[in-house]
Amino acid sequence: MTNRPTNQLIDLLSSNVKPVAPLPPPLARAGVTLAAMALLGGLAFVLLHESNPLQSRGPGGEGLVGFEMLAMLATGILAVTGAFFLAIPGRSRYWLGASLVPFAAWLLLSGAGCYRDLVRTGPAGWQLGHSMDCMIFIVGASLLLGAPLLWRLSRATPIDPLPVAALGGLGTAALAAFLLQFFHPFAVTFIDLAGHIAAIIIVVGLTALLKRPMLRPA
Amino acid sequence: MGGGDDRWEELLSAAQAGDAAAYRDFLTNVTPFVRALARRRLRAEDAIEDVVQDVLLTVHRVRHTYEPGRPVAPWLAAIVARRSIDSLRKRGRGAAREIHDPIAYETFAEPDANKAEGYDYAKQLAKMMGELSPRQKEALELVKLKEMSLIEASAVSGQTVASLKVNIHRAIKRMRLAANRNGVE
Chain A
1 MTNRPTNQLI DLLSSNVKPV APLPPPLARA GVTLAAMALL GGLAFVLLHE SNPLQSRGPG
61 GEGLVGFEML AMLATGILAV TGAFFLAIPG RSRYWLGASL VPFAAWLLLS GAGCYRDLVR
121 TGPAGWQLGH SMDCMIFIVG ASLLLGAPLL WRLSRATPID PLPVAALGGL GTAALAAFLL
181 QFFHPFAVTF IDLAGHIAAI IIVVGLTALL KRPMLRPA
Chain B
1001 MGGGDDRWEE LLSAAQAGDA AAYRDFLTNV TPFVRALARR RLRAEDAIED VVQDVLLTVH
1061 RVRHTYEPGR PVAPWLAAIV ARRSIDSLRK RGRGAAREIH DPIAYETFAE PDANKAEGYD
1121 YAKQLAKMMG ELSPRQKEAL ELVKLKEMSL IEASAVSGQT VASLKVNIHR AIKRMRLAAN
1181 RNGVE
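Protein chains in written order, with the numbering used here: chain A, 1 to 218; chain B, 1001 to 1185.
There may be inaccurate statements among the hints.
Unchecked claim - Pair ranges (Cβ atoms, derived):
1. B:Val1166 x A:Ser15: 22 to 28 Å
2. A:Tyr94 x B:Arg1091: 27 to 33 Å
3. A:Ala21 x B:Lys1137: 25 to 31 Å
4. B:Arg1007 x A:Ala198: 50 to 56 Å
5. A:Leu40 x B:Ala1126: 49 to 55 Å
6. B:Leu1145 x A:Asn7: 20 to 26 Å
7. B:Ala1126 x A:Ile202: 52 to 58 Å
8. A:Ala198 x B:Arg1181: 56 to 62 Å
9. A:Ala112 x B:Gly1158: 52 to 58 Å
Just so you know, these hints were derived from the structure itself, not from any lab.
Ideal Cβ placement from N, Cα and C applies to all residues, glycine included.
Produce the complete structure using the sequences and hints provided.
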């Protein structure tokens, strides 16, 4: 890398040291970011919401939809919080897996809901719902929520940007999918679910691709 | 993990406040620890020293991510692990693509022909550098005159590597125009 002896480098760095403000703890930073996202989502809900999401799967489906939405929210919160922890060197790598448990629960519950509708309504459970609209909503809302999130994560100049970007992407996609439920007055079919998963893959792929310009890693 | 972790915490916290002496002590004290960790992952001595320097530069860039009161050793060990992996990857890629040619540095067979011309351009150079913006001048001085690597210059100046490259490019372009204007070859 350089022909400079290490002690000369130490002299150079120490003679150029400037005061820096330590970053607040990652939990606090994640809390502030999630609160701002909640405010934005709340505003969109108040101004635009169309339906009661719990009724989207018809009578008796409220519990299932409730747990499904809880799993989405938990995925979003844990993934965003995990991204803030992983941006700091030496913090637990368990954060990488923390959001995967509710994510798996979300997919399983959505799958169970789709199966329930398929049994109840027959072939209508396979029909194409509003998959493309849902995909566009999830990707669009993720970009809106994700840009400030990545900017805040970039303050830590993460030394390993890929897991930080991927968790940030998963978190925003999960929160966007949670928000989508309030604008989704119909049951998700298997095809719609595939659309949701495709949207999540697009968002995570985009954030992973943009990790260097967006996160400015050290 | 690190023997002097309590002391390291104090020194790094003081360095965050801008204390140059504490920062020098911190970097000097942690270097053997960094070297020992790098040695666990790498074999070649030059590769280990490269990683040590890369870690020190990274510490300089991310020192704001250390949370006062927390142990320094895990924070530092994570940086060493990351930079060691980067080094292994870089060397793997380099070994696959590059060949070593020890005489490639010679431009002419006649040794005297490789010596710099004896003209003194210092005055004209100083004048041309005076026309550069402060960031262009800083980039040119650190990378071209002080012969720092882009990463070192980035750590010292606070400019990103990309910004340094752009500023050097613009500075050279501007100086070339000035040289043409003044008839300097």
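Q.
Given a hint of 52 to 58 Å, does the C-beta separation of alanine 1126 (chain B) and isoleucine 202 (chain A) actually sit inside it?
A. holds (54 Å)
Q) Is the distance from the Cβ of alanine 21 (chain A) to the Cβ of lysine 1137 (chain B) consistent with 25 to 31 Å? A) holds (28 Å)
Q) Cβ-Cβ distance between arginine 1007 (chain B) and alanine 198 (chain A): within 50 to 56 Å? A) Check passed, 53 Å falls within 50 to 56 Å.
Q) Range hint 52 to 58 Å: satisfied by the CB atoms of alanine 112 (chain A) and glycine 1158 (chain B)? A) holds (53 Å)
Q: Starting from the range 20 to 26 Å, see whether the pair leucine 1145 (chain B) and asparagine 7 (chain A) falls in it by beta-carbon distance.
A: holds (21 Å)
Q. Per the hint of 27 to 33 Å, is the separation of the Cβ atoms of tyrosine 94 (chain A) and arginine 1091 (chain B) within bounds?
A. Cβ of tyrosine 94 (chain A) to Cβ of arginine 1091 (chain B): about 30 Å, so the range 27 to 33 Å holds.
Q: Go ahead and decide if the range 49 to 55 Å is satisfied by the Cβ distance of leucine 40 (chain A) to alanine 1126 (chain B).
A: holds (54 Å)
Q.
Can you tell me whether the CB distance of valine 1166 (chain B) to serine 15 (chain A) sits inside 22 to 28 Å?
A. Holds, at about 26 Å.
Q. Holds or violated: 56 to 62 Å for the Cβ distance of alanine 198 (chain A) and arginine 1181 (chain B)?
A. holds (58 Å)
Checked against the numbered hints given earlier, this structure breaks none of them.
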